[in-house]
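Q: Residue numbers (the numbering used here), protein chains in the order written: chain A, 1 to 325; chain B, 326 to 472.
Keep in mind that the hints were calculated from the coordinates and are not lab data. Please note that a few of the clues may not be correct.
To be verified - In silico lysine to any residue, SDA-like type, Cα no more than 20 angstroms apart, as pairs:
hint	chain 1	residue 1	chain 2	residue 2
1	A	LYS85	B	GLU404
2	A	LYS220	B	ASN443
3	A	LYS85	B	ASP362
4	B	LYS441	B	ASP362
5	A	LYS128	A	GLN73
6	A	LYS190	A	GLN180
7	A	LYS220	A	ILE98
8	A	LYS85	B	THR430
9	B	LYS471	B	GLY336
10	A	LYS220	B	SER412
11	A	LYS287	A	LYS190
12	A	LYS190	A	LYS128
13	A	LYS85	B	GLY455
14	A	LYS155	A	GLN198
15	A	LYS220	B	ALA433
16	A	LYS190	A	THR179
17	A	LYS128	A	ILE98
18	A	LYS85	B	HIS435
19	A	LYS85	B	ALA433
20	A	LYS85	A	GLN180
21	A	LYS85	B	ALA411
22	A	LYS220	B	GLN409
23	A	LYS128	A	TYR99
24	B	LYS419	B	TYR395
25	A	LYS220	B	THR410
26	B	LYS441	B	TYR399
27	A	LYS128	A	VAL302
28	A	LYS85	B	GLY432
As the list claims (entries may be wrong) - Example chain B residues on the side facing chain A (calculated, C-beta under 10 angstroms, incomplete):
hint	residue
29	VAL386
30	THR410
31	VAL429
32	ALA433
All C-beta atoms in this analysis are idealised placements derived from N, C-alpha and C, irrespective of residue type, glycine included.
Next come the chains, spelled out residue by residue.
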Amino acid sequence: MKRSELLSRIIVTVAIVGAIGAPLYFWSRTPLIHARMAENGGWSPDVIQAEVGQPLHLRFTSDDVVHGFAVGQMDMPSVDVLPGKVADISLTFDEPGIYTFYCTRWCGLNHWRMRGTIEVAGASTSPKPVSPPLYVSLNLDIDAPHDALFIPDGKPSAVNGQSLAMSSSISLSQEDYFTQSPYQVFDELKGTSLTDEQRWDAVAYLWQSNTTPESLANGKQLYAQNCAACHGENGAGDGVFANDLNEAGEASMQTMTGAHDMVMQTPVDFTDPTRMLGASPALLQGKILRGGMGTGMPMWGVIFTEEQIWDLIAYIYSFQFEYTK
Amino acid sequence: MNPRLSLLLIGLAGLAVAFAPLPVQPIAPQERTFEIDARQYAYSPSELQVNHGDTVTIQLVSTDVVHGLYIDGYDISVEADPGQTASLTFIANKSGSFRFRCNVTCGAMHPFMIGKLNVGIDNWLYRSIGLATLAIFGTVISMRQKA
Chain A
1 MKRSELLSRI IVTVAIVGAI GAPLYFWSRT PLIHARMAEN GGWSPDVIQA
51 EVGQPLHLRF TSDDVVHGFA VGQMDMPSVD VLPGKVADIS LTFDEPGIYT
101 FYCTRWCGLN HWRMRGTIEV AGASTSPKPV SPPLYVSLNL DIDAPHDALF
151 IPDGKPSAVN GQSLAMSSSI SLSQEDYFTQ SPYQVFDELK GTSLTDEQRW
201 DAVAYLWQSN TTPESLANGK QLYAQNCAAC HGENGAGDGV FANDLNEAGE
251 ASMQTMTGAH DMVMQTPVDF TDPTRMLGAS PALLQGKILR GGMGTGMPMW
301 GVIFTEEQIW DLIAYIYSFQ FEYTK
Chain B
326 MNPRLSLLLI GLAGLAVAFA PLPVQPIAPQ ERTFEIDARQ YAYSPSELQV
376 NHGDTVTIQL VSTDVVHGLY IDGYDISVEA DPGQTASLTF IANKSGSFRF
426 RCNVTCGAMH PFMIGKLNVG IDNWLYRSIG LATLAIFGTV ISMRQKA
């Protein structure tokens, strides 16, 4: 064999091995993250390290049922994690910090406990000032009862309220909308010549005037994906998990946290006017952000953006008010 | 009676039971809606009965994890997340019994999560019963004649 032939054989062999081997090597170095139902351990690993500006490659597979992957407060489509298949995901973070990733497909009673964190190290390029959420700056006690003292007979209608509000020139600024409950606004309208029913209709209109159809549609979608399993598609607190949560009670809490003093509560009924008409958007924001300690209500502050929470709140009020279609 | 003649008569009766066209009463197609609860690892109800030509709507409600429903033979499917009712509408234009099964891996016993869709009357069941009865009758007669 000539030397040149030997050399070319070696070159061809090395090129082929390299072309196949190099991607395989890098692929196998990418960690494979296993997703399991929360009762069986959730994500493993559930803490991932990353660098600002460096692409983070992740591979996911599921060990039991269908799960989904998404990072909270990040504009990314959720990726389905199917049993027996591997999903490849590449992420790049612009800002350092601790990001929460979570399961996006309801995978059982404790689905919402299936969360993990991505710790992104590095220097911030444009630090943003952090302001406390509204319920903190207002010093609201979000666990205190907030019942409406007077409730309407039926669903107040925004259509009827519109003409009433126009003729009596009633309006509600966004700031007042955020900080006041429907009942408070209803109470403030006492001085007008309107009847009780008309006042409620006017409140319904004021609430509608502080939202948009897009916001309601977005809220409806978020609600269906994240809330309806417990709170029910129609907001009545009768979702498919409501009974199971009740039966599981403390047992369900203990599997994850070992806390003995916690008791599962039934999901809140958003169609209950006493409760909902006495709640201001700021109060609801607090409850959604923080979650109900000791109940099954998850903490959404790390998942939803502020805008998404306002959209959700606008949608939740539509269980109380008859809005124009 | 001539044994051959009686055998021939029974044979003819058998053919008639097996292949005679039935007086078909056309049933006006209707719309039917079923709500099926899916949980690990069963459907409830797990057996559906419809008539040929019906417009069938299946609302799949999942109560624990993500489940699906795939109807064999019709090759259509739907997938439901807990909290989000999914619905599937189709026209039952094929007669017979069809399996439906979960087509989303939902846990260890996932392959055993099945149900049945019956479209129209199961004629072959009744014809088979008729044929079996006839066969017994024939056997008894031929045994008597030999004795």
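Q: Indicate, hint by hint, whether the structure satisfies it.
A: Taking the hints in turn, this is what the structure says about them:
no.: 1; hint: A:LYS85 with B:GLU404; result: holds (18 angstroms)
no.: 2; hint: A:LYS220 with B:ASN443; result: violated (37 angstroms)
no.: 3; hint: A:LYS85 with B:ASP362; result: violated (27 angstroms)
no.: 4; hint: B:LYS441 with B:ASP362; result: holds (14 angstroms)
no.: 5; hint: A:LYS128 with A:GLN73; result: holds (15 angstroms)
no.: 6; hint: A:LYS190 with A:GLN180; result: holds (15 angstroms)
no.: 7; hint: A:LYS220 with A:ILE98; result: violated (28 angstroms)
no.: 8; hint: A:LYS85 with B:THR430; result: holds (11 angstroms)
no.: 9; hint: B:LYS471 with B:GLY336; result: holds (18 angstroms)
no.: 10; hint: A:LYS220 with B:SER412; result: holds (18 angstroms)
no.: 11; hint: A:LYS287 with A:LYS190; result: violated (29 angstroms)
no.: 12; hint: A:LYS190 with A:LYS128; result: violated (43 angstroms)
no.: 13; hint: A:LYS85 with B:GLY455; result: violated (51 angstroms)
no.: 14; hint: A:LYS155 with A:GLN198; result: holds (12 angstroms)
no.: 15; hint: A:LYS220 with B:ALA433; result: violated (33 angstroms)
no.: 16; hint: A:LYS190 with A:THR179; result: holds (19 angstroms)
no.: 17; hint: A:LYS128 with A:ILE98; result: holds (15 angstroms)
no.: 18; hint: A:LYS85 with B:HIS435; result: holds (16 angstroms)
no.: 19; hint: A:LYS85 with B:ALA433; result: holds (16 angstroms)
no.: 20; hint: A:LYS85 with A:GLN180; result: violated (49 angstroms)
no.: 21; hint: A:LYS85 with B:ALA411; result: violated (24 angstroms)
no.: 22; hint: A:LYS220 with B:GLN409; result: holds (11 angstroms)
no.: 23; hint: A:LYS128 with A:TYR99; result: holds (16 angstroms)
no.: 24; hint: B:LYS419 with B:TYR395; result: holds (15 angstroms)
no.: 25; hint: A:LYS220 with B:THR410; result: holds (14 angstroms)
no.: 26; hint: B:LYS441 with B:TYR399; result: holds (12 angstroms)
no.: 27; hint: A:LYS128 with A:VAL302; result: holds (16 angstroms)
no.: 28; hint: A:LYS85 with B:GLY432; result: holds (14 angstroms)
no.: 29; hint: VAL386; result: holds (6 angstroms)
no.: 30; hint: THR410; result: holds (7 angstroms)
no.: 31; hint: VAL429; result: holds (6 angstroms)
no.: 32; hint: ALA433; result: holds (8 angstroms)
Going through the hint list in order, the structure does not satisfy hints 2, 3, 7, 11, 12, 13, 15, 20 and 21.
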